[in-house]
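J.: The residues making up each chain are set out below.
Protein chains: 2
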Amino acid sequence: MGKWLAALAVLGLVATPALAGPLRAGAEAVRDRALNDPTAYDYVESISVEVGQRLAGSEAAARARDWAVAKLTSLGFSNVRVEPFPITAWLRGPEEAQITSPHPQKLAIIGLGGSVPTPPEGVEGEVALFHTYADLLAAPPGSLTGKIAVVTQPMPRGTDGVGYGALNAVRRQGPSEAARRGAIAYLHRSLATGISREPHTGALNYEEGAPKIPAAALSTIDAELIDHLAARGQPLRIRLKLASTTQPATAWTVEGEIPGKAHPDQIVQVGGHLDSWDPGAGSIDDGAGMAIAVAAAKLAGTQNPPARTIRVALFGAEEMDFARAAFAAAHAKDNIVVIGESDIGADRAWQVMLPAGSANTPAMLDYAATIAPLGVVVSPMPSRGSGDDTADLVRAGVPAFAVRQDASRYFDWHHSSEDTLDKVDRDQLNQAVATWAAFVYVAANSDIDFRALAAPVATFTATPSPQPSVAPPTPPAAKPGP
Amino acid sequence: MGKWLAALAVLGLVATPALAGPLRAGAEAVRDRALNDPTAYDYVESISVEVGQRLAGSEAAARARDWAVAKLTSLGFSNVRVEPFPITAWLRGPEEAQITSPHPQKLAIIGLGGSVPTPPEGVEGEVALFHTYADLLAAPPGSLTGKIAVVTQPMPRGTDGVGYGALNAVRRQGPSEAARRGAIAYLHRSLATGISREPHTGALNYEEGAPKIPAAALSTIDAELIDHLAARGQPLRIRLKLASTTQPATAWTVEGEIPGKAHPDQIVQVGGHLDSWDPGAGSIDDGAGMAIAVAAAKLAGTQNPPARTIRVALFGAEEMDFARAAFAAAHAKDNIVVIGESDIGADRAWQVMLPAGSANTPAMLDYAATIAPLGVVVSPMPSRGSGDDTADLVRAGVPAFAVRQDASRYFDWHHSSEDTLDKVDRDQLNQAVATWAAFVYVAANSDIDFRALAAPVATFTATPSPQPSVAPPTPPAAKPGP
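So the protein lines, in turn, are chains A and B. Residues 1 to 482 in my numbering are what the first sequence spells out, letter by letter. Residues 1001 to 1482 in my numbering are what the second sequence spells out, letter by letter.
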């Protein structure tokens, strides 16, 4: 049994210490309710079973919208509403690939979101193999003419999902980098931590001035097969067929609120994204993320009438990067106290990142003490963001709050056909809900002003200071002492 | 099979890309040799079996010293030597604890390194239970008079060992914080990620002006039992007996070199620590760490005669913090190009932290490309340290290099009786050796000048700049986009 599971078993019975004030007592009560609350699991079970995949622009997206409106309404949220925005829908068609030489072999691949199709008969070419993405970038112009570029760099596994950040460019920019060097198609080892036959999709970003070539992800098993075959030194050839269509479409972000009693105009904004990639059921990305945010909002908002408004947003087109600008435009004038997006799966929280300058306030110290028994610590570094859909507002100055959940299993299934309900562990899910819910409660029932805390100190000296006003955060050491 | 294991299987067969220069070709050859080399496993097997525990100041420490001299000599190192330094040895005696009320129950505990003994008859008192360390710090003066303070905050598990850094003060400073508030003894939940009956020791630091009270770690199972019992609201009492002695003693750091051919005075300094805690065999802390550094030095130094000297140091008293000042004093005038300590177990590497300003040099780009197929990425943040024993030299300006290995299992066994050979996985160990060895090779066979790269740019303006000359590193986001 994990250490926080023990806390889970015990906490309901533990009296609040005499030294804690009412804010902490409320946060602890919310936390303890969260640990035994069915809302989050029921949410992810329902959307996984009743909607399934819900790629923005697909027929399923409208069903997801209606499901979300009904769900938020049935959970008691007010002002449930739909915000439409225009997108370019990309819809997958039939896809296949095989090695044609030295001997025929089927490859498990999946087209990247936004990829152009191949001609109907497909493309075939000799493989130019790169064991690292840096080697692709080092290849000279013209060196890939007529070839299919293949990058097989593996991704490290980690609690913090480090490998996904480090290798994101392999998928996002790799197709254009290969095209600039003459490649006719691009394949890369799935950005995935496990070894499986299921490939993992995700969006690409074609760059200005580079030809648009078809691009797909290989399953990790097939990427390793290509590594082995290439080591034999014989010419290796691949044939690839990808079909897809694009069309103008509409996406929808669904919102609901628990109105604040004292300061209804002050908004604690949380959420997750409603859309998903198409091969799986979107249970961990981002069914569980939405479930955590929605359950946290409900638990925090029903402990007592909140002083500030708690709002949830279920963003309608995260995976292809369409929702954030629309949301920022719709809410540019809102008084958002703090914003957070829950989008890193269903597993336990291990660290939170607080808005800059807030960690030593009484409210955040109460919060830190509330989550410590869950085995969650506060990062020494402030949050600089929290999810893709909030990024434009954060850039505009809205303080962000982030919960880091254990991502060591997440990238085994993310963006693949195996993103399904069975990956959700109820106890871990509820520990994450408790971590979120206690934050929402504290933020919505205190007068903490994250914007003021984050603002640089105003000075009236005539000469510029030789030192930055805020010391840069200290990065973690490789090992924190004996 | 993990992704880097696949690389392991393949790499020996993969031709070096035409675009790679001789430095990278050499680093890749060292890497590939490391993946199939028995040196590291044989090293940790030998010290685990032939020496076992080797607490500084114990009789075993002298045996460890002799073993290390023989081992470095047999591996072909030159200038093998012993550097003695004085320490205060702390040696454990019999220890026991039990709950005496509400009903008798034995507790699995282990005294903290440096703890004063109890009186021979022990101490007994009512438990003052704190679910979080912050709550202990919030307790008013005098509130613990006559009581035994118990902190049961759990530690999160993570690839980067985040919990150990976050909770280190629970063990280090907790005894003095409890004593200042009147406590007669201090117990804390072991700084451990697993649930087991084995308690985990480690050093405490008594603070100036606080009474020195006896202090021990509880097994995680027993800490959870106390949580459950305390929830019943009945008075909970514990009896604790700790015996220990202290005496002046000598410790030894053992060193060996592979002399540089072109620049023998320029030193690439790596190592691990020879001492261990007493309950286990010191296989992962730090038998494996030493093994990685020694094997890396040997592999890098035998690929070709290195241009710079490669030196290994096996530090003789890390756990009680005695070795670093002695090593810094002995080597203050050495021309150390870069320093690194390997002290985070036997599992796979996932990230390296390079000295500030060096990541985009040709040598380090070669290094990054060499380790990418192992599933190891370069941190966007520079290293600011690398192990406890190098800290004084790093503070004095020596550039540091750090390999981050997977610590998600490490703190299940660290500092406990279960730190034993069976925890060492040969493939993961050799992947870490390969990551280290390639770095040592590149550092020892290039003219990279880490000190110059790290130095702030000199300016000749009369007025101070309003901006820092180097931008602070960007901390990782909670999730790096969709």
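Among the hints, a few may not be true.
Which chain A residues stay away from chain B? Per the calculated CB distances, all over 10 Å, these [unchecked claim]:
1) Gly52
2) Thr100
3) Ala203
4) Arg348
5) Arg426
If you anchor each label on the Cβ, the simulated ranges turn out as follows [claimed, not checked]:
6) Pro1140/B with Ala325/A: 45 to 53 Å
7) Ala329/A with Ala1396/B: 51 to 59 Å
8) Pro38/A with Gly1146/B: 57 to 65 Å
9) Val82/A with Pro1141/B: 23 to 31 Å
Honestly, the hints are just simulated from the structure, not real lab data. Cβ atoms here follow ideal geometry from the backbone N, Cα and C, with glycine treated the same way.
J.: Which of the numbered hints above does this structure break?
T.: 3, 4, 8, 9
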